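A.B. asks: Mind docking chains B and C on chain A? Use the hints.
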Amino acid sequence: MKRVNDAPSERNPAMPENGPGTSVEIEGMSKWFGDFQVLTDINLTVQEGEKIVVCGPSGSGKSTMIRCINGLEPFQGGTIRVQGIALSQKSKVLDAVRRNVGMVFQQFNLFPHLTVLDNCTLALRWVHKIPRKEADELAMHYLARVRIPEQAGKYPRQLSGGQQQRVAIARSLCVKPTILLCDEPTSSLDPEMVKEVLETLADLANDGITIICVTHEMGFARRIADRVIFMDRGKIVEEAPPLVFFGGPREARTRHFLEQILH
Amino acid sequence: MDLIIAYGQEILGGLSTTLTLFIVSLCTGFVLAATSAFIQIYFGGLLSQVVWNLMFCIRGVPMLLVLYVIYYGFPVLAIIRETFLWHIFSSPFWCAVLCLSIVEMAYTSEIMRGSYFQTPKEQIEAAKSLGLSGFQTFRVAILPAMLRNGFAAYTTEVIMLCKTTALAFTVTVMDVMGYANEIRSRTLDVYEPLLVAGAIYICITIITRIVLSTIFSLVAVSGRDRAEAL
Amino acid sequence: MLEYLEAGWGWQFMRAFGVSLTVAVFSFAFCIFIGIVLTITARSRLWGAAAVIKLYTYVFRSLPDILLLILIFYTADGIINSALSMIPGMAHLTVSPLVPGIMSTSIVLGAYSTELFKAGWADIPPGQNEAGRSLGFSAFQSLALIILPQVYQKMIPYLSSLWLISMKETALLSIIGISDIVRIASIGARSTEAPFTFYGIAIIIFIVFAFVSAKLFHRLEKRSRRSIGEI
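First to last, the protein sequences are chains A, B and C. Residues 1 to 263 (the numbering used here) are what the first sequence spells out, left to right. Residues 264 to 493 (the numbering used here) are what the second sequence spells out, left to right. Residues 494 to 724 (the numbering used here) are what the third sequence spells out, left to right.
Treat the hints with caution; some may be incorrect.
[As the list claims (entries may be wrong)] Under the rule of at most 30 Å between Cα atoms (straight-line distance), these lysine-lysine pairs were calculated in the DSSO-like manner:
(1) C:Lys611 - C:Lys647
(2) C:Lys708 - B:Lys384
(3) A:Lys92 - A:Lys176
(4) A:Lys129 - A:Lys90
(5) C:Lys647 - B:Lys384
(6) A:Lys92 - A:Lys129
(7) A:Lys133 - A:Lys154
(8) C:Lys715 - B:Lys384
(9) A:Lys154 - C:Lys708
(10) A:Lys176 - A:Lys154
(11) C:Lys647 - A:Lys154
(12) C:Lys547 - A:Lys154
(13) C:Lys715 - C:Lys611
(14) C:Lys611 - C:Lys708
(15) A:Lys133 - C:Lys715
(16) C:Lys611 - A:Lys90
For the record, the hints were derived by calculation from the structure and aren't laboratory data. Bear in mind the structure is a predicted one, so any value in this text is a computation, not a measurement.
Just chain A, with the same shape it has in the complex (with noise of 0.2 Å):
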């Protein structure tokens, strides 16, 4: 299913393979929280500018997954690389691969202390040392990419749930990331405000940029996903392009899942 024919497995290091072209590289990878495993062996290409829609059971291991590309969460078997660098525990390779990943959380996490432009430029100013008139207008770029360049002068606190998350949006994507996670974003928001931020993402996925989202958004991975990655019990159980993820899934647990999702 995969649509890029795999590429040989030994690796010289000094010459990676994944050149131009792979965005993420997870190898084997496995994960366990004390002795409860929670990922087995995942393994998963990513291109550059590929879409990936992650669903599953809850528990199945997905939020889990994702975080262990930018490295909030460690890993204890396989390998993930990110833009080629091989991710470790380490501060400076941390540093390197967030550099190119952001984040969308489930709960916003936008700081409240601060007001949305400076929750935008606040990674600007103090991680890629930009001057503070500059951070401002590439925040207020963004802010109004989400359709609220209006509200930058506000706290997270006096705006919706909706708004919140389009901010947290615009803030990931002013550090110009390659690549953005997003851990169910639209799980924690009230009905009507769903649309909002689904638009807003679909939007960025004209730009090229390299997402992996996590969502039981059916009709939203159906629009943008390029491939559909279902994962149950710490496993990736099946993945394929939307077309034939929703027309006939080969797994049975695929066809439970998707049943019990779509009634």
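C.D. replies: Below, chains B and C without anything else, positioned relative to chain A:
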């Protein structure tokens, strides 16, 4: 080791004084605090303002200063020296009790006031709408909520009081700290007497915590039982 | 009261206030430092750290402050000098009595402030740090720019009482012979036979200090609440 046992026996001679100081001022302080909190809660306006400010001032002054005023200051007044009050103010022990009670009142009344105003209005209204009298409302709705809100702060305050009793030795009360300090100045041993005394204080606070949480669970549970019975 | 203040006692009280304030400022700063460092250590995965810190806060919230002060006062000089004597060429130091005062107050208040910081820290969702880290902040930047400002906002009322306590704790210094406010008042009371005047002055100093501090912290709290759009 023998030294520690010998010192320990001597210092334990002050244990009853420390415990009496602690318990007597805890009880008087609690009664005074309840009175003061009651005035602040049920009489609004100027009176409550005045009482609150008085409590704030007491809390702002170091306990040592209050103790000195009572012990060194008051005996200067003729009204104290020439009446029965002299019996109280001539005794360093009762001066310490008075001082600790006053300080305890100031802190505890604020804890009571604070935990009263944290009680949700709906609970009080619900109790009243069931036709309960003023005292029943207090017993069923307000007191359990106050206990829940104020228990942790009150425990801290009681432990503080226990620690503060050690200051009584500055006006020649021979409590645990008094004996320890006496041994220190007599023998020039610093560690042994003071560490023994410290261990005694820590034991007292451990027991105090256990007793308080037992009382709390008894009162809180019986409050719930009462509410269910009604 | 005025004639005493003019007769040189006013100057004495001013100096004593300076001494008390100095000790209070240092103790307050150190106890906050202890609180922050120990909270971070207790929250780290360092084995046994949380238990050791719990023991520290338990013991020093139970031990009488005056006991610790006397213990440190009579031993600090020896300990510091025997530590110094291990470094060749170090001269014998006479330790200022203020040092044990600041040390014991900081240790005791550090136990309280650690408990307060631990509680304040626990209120901050872990997602805040995760968001910071995923934006590329280092652990230290995330702490300084994201976590501490939020902890500070929650802690202002508690910081206020810690500050008042550190000022009141300076009264204990009079017991080890430092000329703080209480000692000057005691000396004055004894030498002039006017105890109420002298203790009165000391009490007024502390009460005015408490009112001014309360106002100040109230203002800080209001400002910080306005700055997060709450008011």
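A.B. asks: Please work out if lysine 547 of chain C and lysine 154 of chain A have their alpha carbons no farther apart than 30 Å.
C.D. replies: With Cα atoms ~40 Å apart, lysine 547 of chain C and lysine 154 of chain A exceed 30 Å; violated.
A.B. asks: Does lysine 708 of chain C sit within 30 Å of lysine 154 of chain A, going by the straight-line distance between their CA atoms?
C.D. replies: holds, 28 Å
A.B. asks: Regarding the pair lysine 708 of chain C and lysine 384 of chain B, is the alpha-carbon distance no greater than 30 Å?
C.D. replies: holds, 29 Å
A.B. asks: Does lysine 647 of chain C sit within 30 Å of lysine 611 of chain C, going by the straight-line distance between their CA atoms?
C.D. replies: The hint holds at about 12 Å.
A.B. asks: Is lysine 647 of chain C close enough to lysine 384 of chain B, meaning Cα to Cα at most 30 Å?
C.D. replies: holds, 25 Å
A.B. asks: Starting from lysine 176 of chain A, check that the Cα of lysine 154 of chain A is at most 30 Å away, please.
C.D. replies: holds, 23 Å
A.B. asks: Given the hinted pair lysine 92 of chain A and lysine 129 of chain A, is their alpha-carbon gap at most 30 Å?
C.D. replies: holds, 17 Å
A.B. asks: Is the Cα-Cα distance between lysine 715 of chain C and lysine 611 of chain C 30 Å or less?
C.D. replies: holds, 23 Å
A.B. asks: Under the criterion that the straight-line Cα-Cα distance not exceed 30 Å, is the pair lysine 611 of chain C, lysine 90 of chain A satisfied?
C.D. replies: holds, 27 Å
A.B. asks: Is lysine 715 of chain C within 30 Å of lysine 384 of chain B, Cα to Cα?
C.D. replies: holds, 25 Å
A.B. asks: Lysine 133 of chain A and lysine 715 of chain C: Cα distance at most 30 Å?
C.D. replies: holds, 29 Å
A.B. asks: Check the hint pairing lysine 133 of chain A with lysine 154 of chain A against an upper bound of 30 Å on the C-alpha distance.
C.D. replies: Given that 30 Å is the threshold and the Cα spacing comes to 18 Å, the pair holds.
The structure fails to meet hint 12 from the earlier list, while all remaining hints are met.
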